[in-house]
Each structure stands twice: as structure tokens, then as C-alpha cells.
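Q: The lines below spell out each chain.
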Amino acid sequence: MAAPNLSHDPLEPLPLIEGTHTDQTINDSLLTHVLRGAGKGWWMLFGCALSMLGLLVIAISWTLYKGIGAWGNNIPVGWAFGIINFVWWIGIGHAGTLISAILLLFQQKWRTSINRFAEAMTLFAVICALLFPLLHTGRPWFAAYWLMPYPSVQRIWPQFKSPLTWDVFAVSTYFTISLLFWFLGLVPDLAALRETTKSKTKRFIYGLFAMGWRGSGRHWAEYKWAYLLLAGLSTPLVLSVHTIVSFDFATSVIPGWHTTIFPPYFVAGAVFSGFAMVMTWMIPARHFLGLKHVVTMKHLENMNKIMLVTGMMVGYGYVMEHFIAWYSGNPYEMGQFFLTRWHGPMRWIFRTMVFCNIVVPQMFWSKRLRTSIPVMWVAAILINIGMWCERFNIVVTSLHRDFLPSSWKDYSPTWVDLSLFIGTIGLFSTLFLLFLKFVPAVAVTEVKELRHELAEHDAVAGETHA
Amino acid sequence: MSCDDNHEARANDRARRSLPMVGAENVAGAETGLTSRPLWRSIEERSLLGAVPGAANEFPGGASEMDGVSRRGFMQLLGVSTAIATVGAACRKPNEKIIPFVRRPEEITPGNALHFATAYALEGYTSGLLVESHEGRPTKIEGNPAHPETIGATTVTEQALILGLYDDDRAKQLRRGGDAIGWQTFLADVKARGGKLTEKGGSGLRFLTGPTTSPLLADLRRRILERFPQAKFVSYAAVAGDGAVEGSKMAFGRPLVPRHHLAPAAVILSLDSDFMADGPEQTRLSREFSARREPSRDMNRLYVIEPALTITGGMADHRLRLRGSDVGALLGSLCAMLSGRGLSALGPVGSLGHGQGSWDPKWLVALCGDLERNRGRSLVIAGRRQPPVVHALAAALNVALGNLGSTVEYGVPITTDATSGAAALGALAEDIAAGSVDTLVVTGENPVYAAPVDYKLAQLLKRVPNVIYHGLYEDETAAICNYFVPAAHVLESWGDGRATDGIVSISQPLIAPLWGGRTEAEVLAAFVGDGDLGTHELLRRYWRGMAKLPGNPVGSFDNVWERWLADGIVPDTGAGAEAGVAINGQALAQAAAPLLARTGSGMEIAFATDPKVFDGRFANNAWLQELAHPITKLTWDNALLISDATAKGLDLETGDIVEVTYRDRTLEAPAMIVPGHVDDAITLPLGYGRTATGHVGRGVGFNANALRTSEAPWFDRGAALSKTGKRFKFAITQDHWTMSPDGRDSPPPAVSAPLAEVLNPGSMFHEELEERRGPQAVIHQPVDYSGQAYKWGMSVDLNKCTGCNACVVACQSENNIASVGKDGVGRGREMQWIRIDRYFSGPVDEPEMINQPLGCVHCETAPCEYVCPVNATVHSDEGLNEMIYNRCIGTRYCSNNCPYKVRRFNFLDYTGDISAARELGMNPEVTVRSRGVMEKCTYCVQRIERARIATRIEGRTIADGELQTACQQGCPTQAIVFGSLNDPNSKVSQLHADTRRYDLLHELGTRPRTAYLARVRNPNPELAKVD
Amino acid sequence: MSGGHEDSGFVARRFVVAEFATPEALLAGTRKVREGGYKDVDTHTPIPIHGLEAALGLGRPKIPAIVLCGAIAGICIAYSMIYFCNVIDFPINIGNRPMHSPPANIPITFELAVLLAGGSSFFGFFTLSGLPKPYHPIFESEQFGRAAIDAFFLSVELPVGADADKALGDVRAAGAASVELVHESER
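Sequence order for the protein chains is A, B and C. Heads up: the first sequence runs through residues 1 to 466, numbered per my numbering. Heads up: the second sequence runs through residues 10001 to 11027, numbered per my numbering. Heads up: the third sequence runs through residues 20001 to 20187, numbered per my numbering.
Possibly wrong hints are sitting among the right ones.
[Claimed, not checked] Listed next, the in silico PhoX-like pairs over lysine-lysine satisfying Cα-Cα at most 20 Å (straight line): (1) K409/A with K10729/B; (2) K202/A with K20133/C; (3) K10822/B with K66/A.
These are computed hints drawn from the structure, not numbers from a lab. This structure is a prediction, so every number in the text was calculated from the model and none was measured.
If we strip away everything but chain A, and leave its shape as in the complex, we get:
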């Protein structure tokens, strides 16, 4: 059996599971937070989340009643909070799929304790994002289905050369696949819940969703492939989605949008913000749900490293934008990047972005800061803010000063804009708290599997030593 690794030994890697465990103990420790009743803390958080959700409902109703005029948008700033939030949420959604899919393909063992968690965030973030493409249109009641290619009385089809049409396909595919992937991974755990719970109703409900899973060897054989293939599909998918979102801007003519580096730069940014969001929630969650033994410092540190890397990719993107603007000698590009971004009316948002996305992650070069819980939590929140500012710069700052000075206009959001943003955070939190309450936040089955592998590995190691 594996002896607990001591984290202070610098030569030994930090452990993925702390302490000695059997399948039984893992099973119980990871499921208790689902089975035991909701605590006062949970209800308080849930209350806050619900009230923010209420704000969202009000803001949406008002928007539908008044029209887009309820927002701060104008000409030239035709897109603002709506699209900013859309891109921001979609970006956040990317971490989940990335963690579970790509790390699975790379056989990264440390992934198992956090992937379920991250996949859930993907789903909820994408749900938040999906609100906006619909809401931001002038006539949502038509936008809801006119983008689908169906033989309509107007005898006209969607315009397949438009990045917005691509978006519809990309985002809906992304949501569907993420959902299937998440649920497939969940089935054995639901079975475990079904068998662990004492309550009849819970047994019935979980049993319903477990679909009669009985761990059959024949099932496992196909299951492993189905899961692996979904992971394999999700990997290019997650890259394609933000690439296509970046096309919304890259295919246009507007200085600050018309940029070929957008696809990789958007994907990096997405992972960056996604990991930041996971950290923002994971740090409190592992504390309050007692998951410290499976979500260990090693996990947190690895994620910080990834944030450092992706943060520098994003930084490279910023530098490249400026370089190309200068290199092209295009006066509009140069005006956008060297004058408007740095010195224009919205300069403070740009400067905040530079600080949060480039300066802040540099802290993670230091192991001490990288492994300090408060530091990494604050950093994660700052990065979330920074990434929101980035989207603001791309969308609003680029639009509000384009080609003809005669059409330049400033932009200021209304209470509806702000409520929609806060509201989506409420929606996200609500869904997330429900998730923590009713679904195992950690992939129990996979952790058990990991435990067995580690056990074998230690056994082998033991023999060689002897």
C-alpha cells in the first residue's frame, strides 16, 4: 500500500492523493458533500446567487420590452456588453473541456480530481454565453430560428459566409458535445451514488440518471472508447470554437478587429481566463467541501503554471497586434493601437488589461507565490477582470474610433447592461451551487482508478528497491 508522500521533500513530487485510502474511503469522502444536507453557508451563497439571477430576469424582460435601446449601444458602437460578455463566458467555458479532454489525451494523471468540476463550469459558462447572441439582436424572436437553414416562406437561406452563422453552429455544437461528454463521465459516479445513498427518493432519482449502470465489463470496454473519442473530438472542437468566435472580429475591416493573429490569441486567452475562473471557484470549493486530499497543492500549482504560460501567449498577442500595426504602416491600424488604445477615452480599461493579464501572472515564476493560496486566488480574480477588459478593448474601443472621425462616438453602458452582466454571474453561480449540491464534484470513479494505478506503481517501485 502507498505510504503518504511528504510534501517537504523537494525531490519527491507533490502527491495527487494525500493520505491512505481505500476505494470505500474515497467513495464516501467524495460523496458526503452530496449526501449530507445543505449547510447554512450553501444556503447563503445560493440566496445571493438567486437574487442576482432575479436581476438577470428583470434585465432580460426590460430588454425585450424596450428593445436594444435599453442598452448603451449606439452607432458606431453597435456591439458592446452583449458581445463582450458572450466572448468572456465562452472563453471561461474553454478550461473545462481543455482540462478533461486534452489532459486526458496527454494521460495527465493530475487531471482526474478537477475535470468533473471544470466540465461543469464549461457547461454553465456556455449557458451564460448562449444568452447573449440571441439577446443582443434587434428582433430575438426571429433571430431564434432564422439562422437555422430551413426552407422558409421568404425562400431565402442563412448567409453561410457570415461568421455569425458559423458561431451558431460552433457554439451549439460545443454545448451539445460538452454536455454529452460530461454526462457520459458522470454515469458510473451516479451508479456509485445510487448505491451509496440511504434515502429511497435519492436512490430512485440517481438510479434514473445512472441508467441502470452495473459496471459490466462488456460496457466498460465500449465505454472507454466512447469517452476517449468524445475527448478526442472535444479537443479540436474547443480550439475551433474560440477560433470561430475570433472570426467575428478577424474577418471584418475594422482596425483592431482585422487581425490574423486572433484565432490562436483568442484560444490562449480563453484557456487563460478559463483556468482563472476554475481557480476562483476551486479554491473555496476544495476548502468547504473537504476535497483537499484529492485537489492538492500539486493541482493548484500546475494550473498556475498553465496560467503563466497562457498569460504570456496572450501577452505575445498584444505585442504582435502592435507590431503588425506598425509594420503595416496602415494609419488606421496605428491610430487604433498606438493612440486610441493607450491614450484614447478608454485608455484605463486597456491599461488595466495590460496589468492584469501580463504583469500579474509573472508572479507565478516564484514557487513561493505559486503555492500561496491567497496569492493565487487574488491573481485568478484579477485575471478574470483583465480578460473582461481585453474583450472590452477589442469590441468597444476598436469600434468607437474607426475610420472617419466624423462618426466617432463615446460609449457608456446603462443599468441594463450592468444588470445583464451581474445577472449572468448569478445564473452561473446558481447552476454551480446546484451542481455542488447534487452531483459529485470530483470524478469518483476516476479517482479510484487513479488510486489503483498509483498503488500498482508503488508496488512496482517497492519491488525494484528490494
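Following the hints, put chains B and C in place on chain A, whose structure we already have.
A: Frame of chain A; chains B and C shown alone:
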């Protein structure tokens, strides 16, 4: 009687008269049916008529109408009758016979518009209009090409008349005090009052009218004075420029008015005269001026001397900032300098004192040189604000320079009263104060608001036992009158009037009064017992007498009459120039010397007419309120205009509310720094701060009349400013002044160059333009349009555009464009499809201004199209960039990707709550857009299609020039040209081939169909700045 | 003991359910039992166990082929749809762009391929494994629940008329920690 009765009455009234608007025989306006119908306009009349057939009777009539009426016609019938249900009165043909412009009545088919000629008088002088009418509803106003002043174009205010007609805020009820009464009651009261007045020969009777040239009104006045010898007529106009007439008295010893001609003028000197945007000659002068702007040796040169930048000042080749009160001194020294250089013709005038001013002598020397070189081909114009002495000296200069008869001629005043300034009104005020006025009939525009503040007219009028006010709105004056008579809108009225050259136009109603308004003639006629005769009859009786004028074709009066109406002018009525006018130099010099010597001190306060709401009479017109001011781009407000230096001196910024103290009166107004304003002076635009008018104009801006006194109606020294610390938010459509506000070196959107460079083929100018036109490398093979019958394109000549905004309102009227209000404009959501970009270059004190009208340029490789997810904006075979409203879901992606930002979005429901009356004025050929839909310039596709249909029927193609877009037709200077680029001989093709042609944002490879022609400046070589 | 001889004609399925101590034991046991000639052998474990496919003698998994078909279908459907709409049914000049422009078709084609591939993987799996299946006789076993938590089970379905005792013996001999016979209950 209660208003309900009244309303019901009107409803029944409508039942009888709403229908005839559809169906051939009625639109023809023939006597058939219409005149035979019993008509009444008030409750009493109704009772006389006995039982009124209810709405049920509508149907049989309607059914009979249905024969030969297209389904579309029927739909319009339905649409209109529902609309009428809420408009009290019917939208109906006037009951008298009116004559369509060109087409013969029997050719009428529902859905085809008719054009009627009529006339509109502003400040008394008429301009000829051509009104488009759909099934009896006037929808669009054009200029009458046959009219000498309008020559087919229009001013902004003329364009906006349509909205004024359908303004639901207009006064609708004839009343005595607070009681609604009928016309007959009113006539009875007038009769009774008249009887009493005759006893004293009408000594207590006064009429306060606006300036007028109407022969009918003049005749009525004659008849009234016959009956009431002691009665007095006073004409007053808030913005009257008596300087010209008074000045001619000084110069020629008798009242004369100048008439200007720019065609022969090579050098023009404007003394504080905004002749291209102000005054009755503006349309013609703009056309004549721009006609001589073609780059060539004989291009004209414009010198402008003015305190605040105006449209004319923006067109100047040389502009001198000068306080209005210093113009006289400058003119004195100009005369002296000229005679000093040998212009002996000036005589004693040339020896006037050399007023030394802030101006640069070099400037004056150069000007003198130009004037001398161009004797007989130069012109000096003095503005309406300038005092008589300036007009007199200007006249003397023109005579001395030999311009008399070529660029300027003098004729006797054709207005009934030679002057209509404050003096006469002052006399009236004294009479009232003396209590000698018993009955005051006010037909002028709203004196309580517009009269000099020192007359305290508001208080005085309360002392008059009977005040009868005839006005369009329940305004400030209506609030204190005993009798209020709602006026009929010009498009609802019969009338006549004369243009500046005396040519008479008969104005005919396009539609019977929507709310039972009355004309001024009817009110006056009431005093001679003809009150119920109707304007039409009054007019015909008068002109039947006149018809025997020599030169009129023989034949019955009816034929002559019909031709007058059809043509829009009465031939051979022009008042020629006075022969043998001569300057009395000695007298003039003596009179002028003391006036020129007079100098003031302290900051100058100047008042100005507003290029949008004029003197305030258009304050309730949303199109005009929402129009961007040509210079400041300000909407929905007026501002205290001040120069940059002066503002800095007072620590003021744009938006600071300042308190102006002048002659112990104070006024709070928001300041706005405007380039090119003279230092140590402020300009207060008139026409705002209305306290009583419709909901649109009420409380918009500040009322500059509060500081305007009879002694100094236009400018005076001695104003003081103090900062209140309060701030004000303006709604401005263009936040930036220059073409590169942040210093980026992008190619200038609006190109301008000095004449020398333009004439030199090898100059930098031509090199640069060469790079800004012609084919651009594009990935995709450009679509070939050469096979199409038409390839629509437009050209805009920046050298002709004055920035007068006529195109903007014309477009708004033609295309049913919504207004969004101050908040909307403040958020950047204005809807006008064409905007005029105004750029300043050079120093902020001495800026050069250039205007660039910009609508959708219909790119061949349109960036807006490929980003639309639902194919709501696509390309037509003829290269139009089309917008499909009912397919649009409003992603606004197209607008984001439009480099010109010419697309407009319905952020809110702008058309849902328009009044039923307004609906009647909508152009039935253009979709009214709903909330959440994108819209933009269509090159007036509805006009294209109408022309296509018309020409197809005749089996031919559309000839060049026979199809005009709304903006093109409205443009006084013909800066906009539209046509097919597939026709090498079309005007637009030739302009596209012009050496001054360039494409806006050509470097993007959008291949726009609208091309621009560079602005050309013609500086005096002696003053040529080193650019 | 001898279930399944009621008049209803219902024949209860019978299973031998055996628990093994460790995954290794389960592997060995599975092999033995199958060598013993038992056909319908299956294992039930909380985690997938390396080598079970071989021990159970399963062939190559079918999912990959299904997913491939899904992907190809997606590609064909998407591209032909776009081509039909833009080129055949309603060609229209969009900002001078070519009617048929392959680069613009890539994103949607790719997304639809992924969608159908992913969908077929998910639904393919459930179809192949006959899930959802709320009831299975093996759930009758008291102990079986732990198969989802930490226990490793072997199940053998006995053919009708086969000797239960012998089967129990054989399975115990294969190294099972505990053995029991489970009858399908009639509902």
C-alpha cells in the same frame, strides 16, 4: 357646446369627406361630387345642414369608389380612414378646384403621385414649391423649377413644411376666451365689434401682421381702411432687416431694396451677410454662386466679413473675423482706401474717416485690389443684421464699382410695408399703453415671444379689450388673447404672394384644413363682411379683376387661372429694377460720418437667426430640431457661441452654463466654443426657449429674446459673462472638429486644394487623388455590371456643397425617417440616412471649413453584406446595396463592419407612437421601419422603380437626369448628381471621370459607387497662405 | 430453490454472482470460469480493469467505426447543404464574394462533423450496451450494490435447466470470495 359634440361632428363630417380621396374622379379634384357635397366646418353649420348621415353611409360611397380602384388603393382607403378615426377632421381634398402641376387630371390612377405647384412665403417673399400628393395627401415638397427664386431646389424649412402640416400639436379649435365657438359665431362677434368701431372711424382698431407681399392681403387692407379710416396696420417681423430699405433712403434718398445676381460676379464681398442660407434670395444665390465655382480662371472669389462662422463664411476663400459693430468702420476705411487708390466715383463717401480696427491692413489692400480689377463684375452684400449706414455705403460702393445693373439692381419695395422692424411696433405699444387701442388683430407670428423685451408686449396686450390672434399653435401670444383663430397651414390655404423680383405665385391648398384652420385673408375679410366667402372666392374675385393685365393671354379667366395654378407663377408680374437711381454722395457722407465714428466698449452681444428653426416659428418641427446645426452640429438646442480665446480667458468650456448680463437683464445659457468666432463677443441664436408651443419645441434651448431690445435688435457692446458652475449636456452629432483629432496621419476624408494646384496637372494634388481612385487590388474578380441596363452611381461635389442640410431633410421626408429626440442623438442614435460631415482645418481662430455629405456609398464589395447572417443586406443586379427590412434580425454586424458608418439602427420603437395625422404624411412608397431593424440610404430605390415603370410603359429606358434622388433634388447648389454609370454621356459618368474625383476610403478596396469631387479654394494670390 | 416453473410460463433467469477480493483475482477467476465452458460470463466493477476485455474474450470495440461514420456523414451533410443553398437554390451577390467559396464553408462543415461524430459516440455507446436498463436480475443480489463502490463481481447466467450447484461450485473454485445464486423476479 362641448368638445365631444364637436368631435362627433367632425367624425360625421369625415364620413362624408374622407372617401373621395381615393378614385380617379376625386383626386382630379373635379367639381364633380366634391363641390356638390354639402360642406360645413362648425357646429352651427352642421345644425343648418340638419341630420348628418352617419358613418354607415360611408360604405355605399366606398363601394362605388371601389370600381376601378386597385386593391392597393383600397388598402390605402382603409389605412387612411383608420387614421382619420383619430384625426378629428378628414384628410380630404379641398372642395374648390385645384390644378395639378403637369399631368392632366384624367390621367390620375391611385398609387401614382401627383405634383401641384404652390407657393410659400417666409418673411413675406414667396418661393415656389412643387408638392407631391398621394391620393390627396401631400407627402413631399420640391422646389418649383419654373419659379425664379427656388429654381427647383428647396431650403431646409421648405422641406420641413410637410411635418408642420401634419403636426398633431397644431391649434385645432376656434375659441373665445376658453369657450370653443364656431366660425359663424366669430363672424357675428366681429360684425358687432366692427359696427361699434365704425362709429369712431375705427380709431381703436389695430392690425399687427407679419411682412407680406400678398396682393390679396394688400387689397383687403385697402378695403378695411376704407371702412375704418382711423385703423392702423403694423407689420412686424422679429428678424426683419430694415437696414436695406433705410440704407437706400440714406444712399438714394428713397426706399429701395437691392436684388443681387451672382452669375456675373467674379468677386463677392459679404458684410456679415449669410446670403447662401438666410433671406429670400438664398436658394437662387446659392445656385448662382456654385455655378461659378468650377475650377477655372473665371472662378469667383468670396470674401466674407462676419463675427460668427456661417454657411456662407464656410464657403469663403477669405474670411475676416470681425465684430458686427465694427463692420461699418471697416467699410469706411475700405471706401477711403479705394478712393485713395483712384476710385473717384465714390466722391465724398471716399473721404470718410479711417476707422482703425482689429483687421489686418494687408487683407484690406488685397481686397481693394480685387474689387478694382473687377469693376462691374464685383458685388458688395450687406447682411440683414447690419445698420442702414452699412447698407448705404455698400450701395455706394456697388454704384461706384459699376456693379449697378450687373450684379445688383434696386427696385421699389414690394412688401406692403417697406419696413417691418421694431419702430412701428413701438408706436403700437405706445398706443396700447395710452389705452387708445380697443381691438387688436394679430396675424403676425407670435409677437409676445418675438417682440423686443423692452416693449413688455405680454403685459400690454392684457390691457387691450379685444385681442384676436390668428396662429398655427396655442403659443405665447395665444395664451393672452380673447379670440384665438387656428390658422390654416400653407399647404391647406389659398393665397398669393410675390417673390423678390415681384413675380406673383398663387398658392393652392393640397388638402382641406385638417383641423378647420382659417387663412389670414379670411380673418381680415371678416372686417369687411366677406368672412364666410372663403379664401378661394376672395382670391378669384381679386385676380379676376387683375387678370386683364396687359400681356395675359386672351381667353376666359378660368383658363388663365388654371394656367397660373398649373405653372405656379403668374407671368409678367415681375417688378423690374428702378431706372436712374443715383447716390447722393454729399448727404450720405454727412449722414454716415457720425454713425461710423460711434464706437462702443465691452464684450459684444450679437443675435442671429437660426438655420434650423429660423425665428422660432419652426420650433415644433422635429425634423428641424434634430437637424445638426451646419457649423456646431448641435441638435435640439441653441448655444451661446463664443471663441476659443475668449472662452479660455473666462475659464469656460463647452457645456458650462454662463449668466449673461446685458442692460440690467440676465439670461442663463450654455456656452459652446466654436471655431472662427470673433474674440470678445458672443452670439445668441434666436428661436429657442419657447414656453408655449407643441410638445416637441417646448422648453428646448434658451430664449435669446429675453435680452433683445428695440434699440439693439442685432448687436451691441457691453455684455458681461459669469460662470455659474452648472454644466449642460449638448446632443452633438459630430464630436470632433478636425479630420485627425488624435493626430493620426490618415488620408483626409474631405479633400480641398487651392485653384492653382487644381489647374496644374502635375501638382501634388493630382498625384494624391490619382492614388485615391481607380481599380484596387481585390481577391475576387469584380462583378461585371456592364451588361446591365443601369449601373447606378452618385457623385458629390465638395466644391458646391455649402452644408445647408437641405438634402438631409429632403431624405428624411422622402424616406419616412424617424426622429429620435435629444436623448437619442446624445447617445449617437440619430437616424438621418445622409449626414453632413463638417471638418475644420487650420488654426481654431481662422479655420477653413469643409462639408462632406455622406450617405451609403453602395460599395461594390460591400463589407456590410458578407457579415449579415440572414442575407438581409445584399446586392442588386444594378449594383445597389439593398436592405431587406423584413428579413433583418438586427445583429448590427453590418453597421460595425461599415467603414463609413452610414447605417442606422432602430434601437427603440421610433414609429409606433406617431400620431395618426403624421401617418397621413408618410410616403406610401417607402416601408416604415420597425424596432430592431437596420436601415440606410437606398439611393431612393422607390424613385428608381417608379421611373423604371414609367419608362417601361413608354417602351424606353430612363434618360439621364429624368431620375433624381431626394437629396439631389433638394440641393440648391446641385452638388449631388445621380445616374447610371453605364451611360458614358450621363452627367454622373462625366463627373466620375473628373480630375477632382476621388473615392472615400478608397484604400479599403470597397469600390464605392458614390464618388467625391475635391473642394477648390480660390485664394487671392496676395493673401495665399502657404499650405 | 427451483424457481421458474409457474403456470404463467415465465421462466426466471438465474445468475451465479461471485465476489472477488481484488481485480487480479477477478481476472484470474474470469478466465477459469470461461475455460470451464460457461458462455454468458460478465464482470461488474466500480472501475474499468485492464485486461478484462481479453479475459471476457470480447472482440474489437465497435464505437470507433460508428464515430467515423458519424463524422463523414456530418461533413457530407454540411458541405452539400451550404452548396445547395448558396449555389443551386438561391445564388445571390453578397458583397462581390463568389457563390461557392470553400474557405467560408470550412467552419460549419467541421462543426457539423464533430457534432454528429460526438453524438454517434454517445448514443452509439448506450445502444450497444443496451442502456438505459432500469432493471436487471443481478440487482436482486444484496451484495451487488457494492459493485459500484469498491467490490469486484463476476456473474454467470445459467442456461435453462443447467445445474446451479455445479455452477456455484465451479465459480467458488475459480477463487471467488463469496458466491450466491440470483433469480430474476417476476413483475
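Q: A separate judgement is required for each hint: does it hold in the structure or not?
A: Here is what the structure says about each hint:
no. : hint                 : result
1   : K409/A with K10729/B : holds (15 Å)
2   : K202/A with K20133/C : holds (18 Å)
3   : K10822/B with K66/A  : holds (18 Å)
The structure shown violates none of the earlier numbered hints.
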